[in-house]
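Student: Chains as they are written, first to last, in the working numbering: chain A, 1 to 272; chain B, 273 to 596; chain C, 597 to 910.
By construction, these hints were calculated from the structure, which means they are not laboratory data. Any given hint could turn out to be false.
Subject to a maximum C-alpha distance of 20 Å in a straight line, what follows is the list of computed EDC-like cross-link-like pairs (lysine to aspartate or glutamate) [stated by the list, open to error]:
no.: 1; chain 1: A; residue 1: K205; chain 2: A; residue 2: D155
no.: 2; chain 1: B; residue 1: K391; chain 2: C; residue 2: D877
no.: 3; chain 1: A; residue 1: K148; chain 2: B; residue 2: E431
no.: 4; chain 1: B; residue 1: K432; chain 2: A; residue 2: E164
no.: 5; chain 1: B; residue 1: K432; chain 2: B; residue 2: E444
no.: 6; chain 1: B; residue 1: K432; chain 2: A; residue 2: E142
Listed next, the stretches of chain A that the computed footprint assigns to chain B, with coverage defined by at least 3 CB atoms under 8 Å from CB atoms of chain B [what the hints assert, rightly or not]:
no.: 7; segment: 82–91
no.: 8; segment: 94–100
no.: 9; segment: 107–113
no.: 10; segment: 132–144
no.: 11; segment: 201–210
Backbone N, C-alpha and C fix where the C-beta goes; we use that ideal spot for every residue, glycine too.
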Amino acid sequence: MTADVAESIRADAPDRARAVVLEATGMTRRFGGLVAVNDVSFTVNDGEVFGLIGPNGAGKTTLFNLMTGLIQPTSGRLHYRGADITALRPHQVAARGIARTFQNIRLFGNLSAVENVMIAQHVHTRSGVLAGVLGLPPAPAEARATRKKAMELLDLVGMADRAETKAVNFAYGDQRRLEIARALALEPHVLLLDEPAAGMNPSEKQTLSGFIRSVRERFDLTVLLIEHHVPLVMGLCDRIAVLNFGKLIALGPPHVVQKDPAVIEAYLGDAG
Amino acid sequence: MSDFFHAHSSVIVSMVFAAVLGLSLYLPLMAGQLSLASPGFYALGGYVAAVFSTKIFNVASGAHFPIPYLLIEMIVAAVLCGALAIIVGIPALRLRGIYLALATVAFVEILRVVSLNLKITGGAVGIFKIPQPFRSTLQYLWIALPLLILAMAFVYRLEKSRIGRAFTAIREDELAADAMGIAPTYHKVLAFTMGAILAGIVGTVSAHFLNTWNTRQGDFNASITVLAIVLIGGSRTFLGPVLGGLVLTALPEILRSVADIGGLPHWLAQFLKDGRLIIFGLLLVLCTVFFPQGIITPEFLGRVRRLFSRRPRATTADEARAAP
Amino acid sequence: MAHFIQSLLNGLSIGSVYAIFALGYTLVFSILGIINFAHGAIFTIGAYFTYVLTGAAFGFNGVLANRSLPFGLTLVIAMIVGSLLAGFLSVIIERLAFRPLRRRGADRLLSLVSSLGVAIVAVNLIQYLVGAEIYTYKGKITGNLPSAVNFGSENTPIPIRTVQIVIFGVSCLILVLLTFMINYTKIGKALRAVSEDATTASLLGINTDRLIMFTFFLSGFLGGMAGTLVGSSVSIAGPYFGIAFGLKGLAVIVLGGLGDIPGAVVGGLVLGLAEAFVPSDYSAYKDAVAFGLLFVVLLLRPQGILGRVQVQKV
Numbered sequence: 001m002t003a004d005v006a007e008s009i010r011a012d013a014p015d016r017a018r019a020v021v022l023e024a025t026g027m028t029r030r031f032g033g034l035v036a037v038n039d040v041s042f043t044v045n046d047g048e049v050f051g052l053i054g055p056n057g058a059g060k061t062t063l064f065n066l067m068t069g070l071i072q073p074t075s076g077r078l079h080y081r082g083a084d085i086t087a088l089r090p091h092q093v094a095a096r097g098i099a100r101t102f103q104n105i106r107l108f109g110n111l112s113a114v115e116n117v118m119i120a121q122h123v124h125t126r127s128g129v130l131a132g133v134l135g136l137p138p139a140p141a142e143a144r145a146t147r148k149k150a151m152e153l154l155d156l157v158g159m160a161d162r163a164e165t166k167a168v169n170f171a172y173g174d175q176r177r178l179e180i181a182r183a184l185a186l187e188p189h190v191l192l193l194d195e196p197a198a199g200m201n202p203s204e205k206q207t208l209s210g211f212i213r214s215v216r217e218r219f220d221l222t223v224l225l226i227e228h229h230v231p232l233v234m235g236l237c238d239r240i241a242v243l244n245f246g247k248l249i250a251l252g253p254p255h256v257v258q259k260d261p262a263v264i265e266a267y268l269g270d271a272g
Numbered sequence: 273m274s275d276f277f278h279a280h281s282s283v284i285v286s287m288v289f290a291a292v293l294g295l296s297l298y299l300p301l302m303a304g305q306l307s308l309a310s311p312g313f314y315a316l317g318g319y320v321a322a323v324f325s326t327k328i329f330n331v332a333s334g335a336h337f338p339i340p341y342l343l344i345e346m347i348v349a350a351v352l353c354g355a356l357a358i359i360v361g362i363p364a365l366r367l368r369g370i371y372l373a374l375a376t377v378a379f380v381e382i383l384r385v386v387s388l389n390l391k392i393t394g395g396a397v398g399i400f401k402i403p404q405p406f407r408s409t410l411q412y413l414w415i416a417l418p419l420l421i422l423a424m425a426f427v428y429r430l431e432k433s434r435i436g437r438a439f440t441a442i443r444e445d446e447l448a449a450d451a452m453g454i455a456p457t458y459h460k461v462l463a464f465t466m467g468a469i470l471a472g473i474v475g476t477v478s479a480h481f482l483n484t485w486n487t488r489q490g491d492f493n494a495s496i497t498v499l500a501i502v503l504i505g506g507s508r509t510f511l512g513p514v515l516g517g518l519v520l521t522a523l524p525e526i527l528r529s530v531a532d533i534g535g536l537p538h539w540l541a542q543f544l545k546d547g548r549l550i551i552f553g554l555l556l557v558l559c560t561v562f563f564p565q566g567i568i569t570p571e572f573l574g575r576v577r578r579l580f581s582r583r584p585r586a587t588t589a590d591e592a593r594a595a596p
Numbered sequence: 597m598a599h600f601i602q603s604l605l606n607g608l609s610i611g612s613v614y615a616i617f618a619l620g621y622t623l624v625f626s627i628l629g630i631i632n633f634a635h636g637a638i639f640t641i642g643a644y645f646t647y648v649l650t651g652a653a654f655g656f657n658g659v660l661a662n663r664s665l666p667f668g669l670t671l672v673i674a675m676i677v678g679s680l681l682a683g684f685l686s687v688i689i690e691r692l693a694f695r696p697l698r699r700r701g702a703d704r705l706l707s708l709v710s711s712l713g714v715a716i717v718a719v720n721l722i723q724y725l726v727g728a729e730i731y732t733y734k735g736k737i738t739g740n741l742p743s744a745v746n747f748g749s750e751n752t753p754i755p756i757r758t759v760q761i762v763i764f765g766v767s768c769l770i771l772v773l774l775t776f777m778i779n780y781t782k783i784g785k786a787l788r789a790v791s792e793d794a795t796t797a798s799l800l801g802i803n804t805d806r807l808i809m810f811t812f813f814l815s816g817f818l819g820g821m822a823g824t825l826v827g828s829s830v831s832i833a834g835p836y837f838g839i840a841f842g843l844k845g846l847a848v849i850v851l852g853g854l855g856d857i858p859g860a861v862v863g864g865l866v867l868g869l870a871e872a873f874v875p876s877d878y879s880a881y882k883d884a885v886a887f888g889l890l891f892v893v894l895l896l897r898p899q900g901i902l903g904r905v906q907v908q909k910v
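Could you put together the complete structure from these sequences and hints?
Tutor: Now the structure itself:
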């Protein structure tokens, strides 16, 4: 992204802040007798960092899975920039510009770091079987551009020096960063991060907050974040939604949510 | 040397066909899909050749079958197999898991029952006297070897291309690939269809080569043999099925010559001659238990490469981490 | 009308054998999530075990030509013992071909491949040992009963072979016993618990290895019994006898929904009836009916006739 594009985005930031990017209405998902997500409604505004917190088993990851098409809701709808995306398959959701990482990291383990990031550029490239096999246009140019961009993204997460290492061989924190790089390769508008700090050491956790903020600025992203690490969530998020037993029990800016009695109750209840 | 080639010409050509057939099963495996349908498409391709060459093209008996006709048969077989693969593949490949394996078992059986009962396929007897495009058996290599080399080059290039990477992503983690914008069903059907086309093409040439074609070409034993070629040879690099096809096809011949050496107990000699499928079955079990990725793996190739590079053995970053 | 009733009764008879055979497949699938391709070979072996146990001699081909056991059991006892032996063999196969893979947490496709390997070894070993001849049991399970029973009137006879009726009766008896076992015995309840939710079941302290052994035994017994029942109806048609049946069994469990225990019974009956009602002009295509149905189910109801939609854990 060029400097003046970034400049122009910052210039109309106040306007954009009001634009709704994602709108969940009455999202519900049952598994047998269990209601994992129960009538959850909220909106996410363009450019904000939206935190999703709650005790274990509150339905946060299920909500992410519903939003990315990995599972279908029992009822409820999801709109993205006004379009209904409830019934879309995961790859269609991804192609529209919603990328995600996974709580239990799902990299392509036997492939190298750079290959992992190249794969995620699939929707932005065109070359088919014949072009790829015979080396006809646009395959060679695309292959070069794909690799170049993958290397840039690896550089961004500080892993360019280990581009050819297999994904399974990375330490936990590196795997999390690689997953973010892979998600960014989709050129998303919305990035869903499922517990990005899990398994990171304290110093990694500290730099993560700044990293997420810089990525949001640089790629003009809206970020949704599931996280347990409270300082990270409080410092980073513009608004926070709290889930408990599948229900949305609070939604607002961090300092408000922090003092919400229902939230305190949910966490204390969880601890006890 | 040339005597050796002529004495074993039939085995040598079969070895090459088996290697290509192995690649036809390797293609869907690139996308993580186990298909048992290669022999079915192989049989179908053979029937196309058998029917066209004996009933449609008019070739005077005794004359050589023109090569352009053979190419036409290959194209017809490719189109037919490709279309059928799409029809079979879409319902089976929408679903995750073992449905493709089951659907391909069903497909092969339906094909067998149908060809057993149709007039045009000659029923249980099959089709005889399929005309010969070549003067000697060994000359089939003129078509078998280019086919193998082209197929190998195709797969090698495919693996490094955008589509090939999408296949690999699905094999590694279908759900994650889906979430990264790769349409799983489309790519799985594509991989399956390319394998079907390749198997069909091998079938057309094979029908001429064998001179006769019947329902035994696509039966359960044929499925097992191709499966053994890929899974024993190696399912993670295309050299696995190629070497698997070459070696396992030669194996019965080798065992037979061992049995003929003499001095072996009668039962053992008999076993070596008749026990080909028992040995394949045992190898399949042993391989899945001890070598789940087959004999030829990318790691194995890496070791071979280092052995020949003469440089002192360099430890890569991967190995340094793998062995702390 | 007469023809309809005849087809119906014959369909139920063969369908009930499909049902007990397919139960063997589906029990293993419900516990381990794998298809045991060796199940068709177990079917064959059960039939051969029964043949051997009656004291009959082998034919002229193969290593064991003309040999026989020094004793002979009556057919009914031989069928039961033969099926039990098939069950034990199934446990041994589990030990050799499945357990090592399970311990390693290997891809389920690999279990499918190793069981295919076992199947091909078993079938060809039989051929090597006793040749590819057709074997017919000494004695009849119908005993002194007439060979056919008329279900119609004197004017419009509807003859059904007695052996079909006996087979139907035996299969129903097995189904009733199995239902009782699954619903009322401790191990049966454990089996059902694991098949519904493996994680919860292991939390409840169910000994999975013992349960898996038991499941394979049961599966092998059902497979062997199906083989010996079909064998007593139409003779043993050589070592490949069970392969075709085994492949049809796969169609049955897809019809019923993979791992769905009642579904396997319904699927078996549906296939038996569908085959029985194939018009005689097309009887040559009867063996393709199972696989045609498989595709229809894959297209319309991949979860099976009775099935619920499976929840995929993300």
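Student: What are the numbers of the hints the structure violates, in ascending order?
Tutor: Failing hint: just 11.
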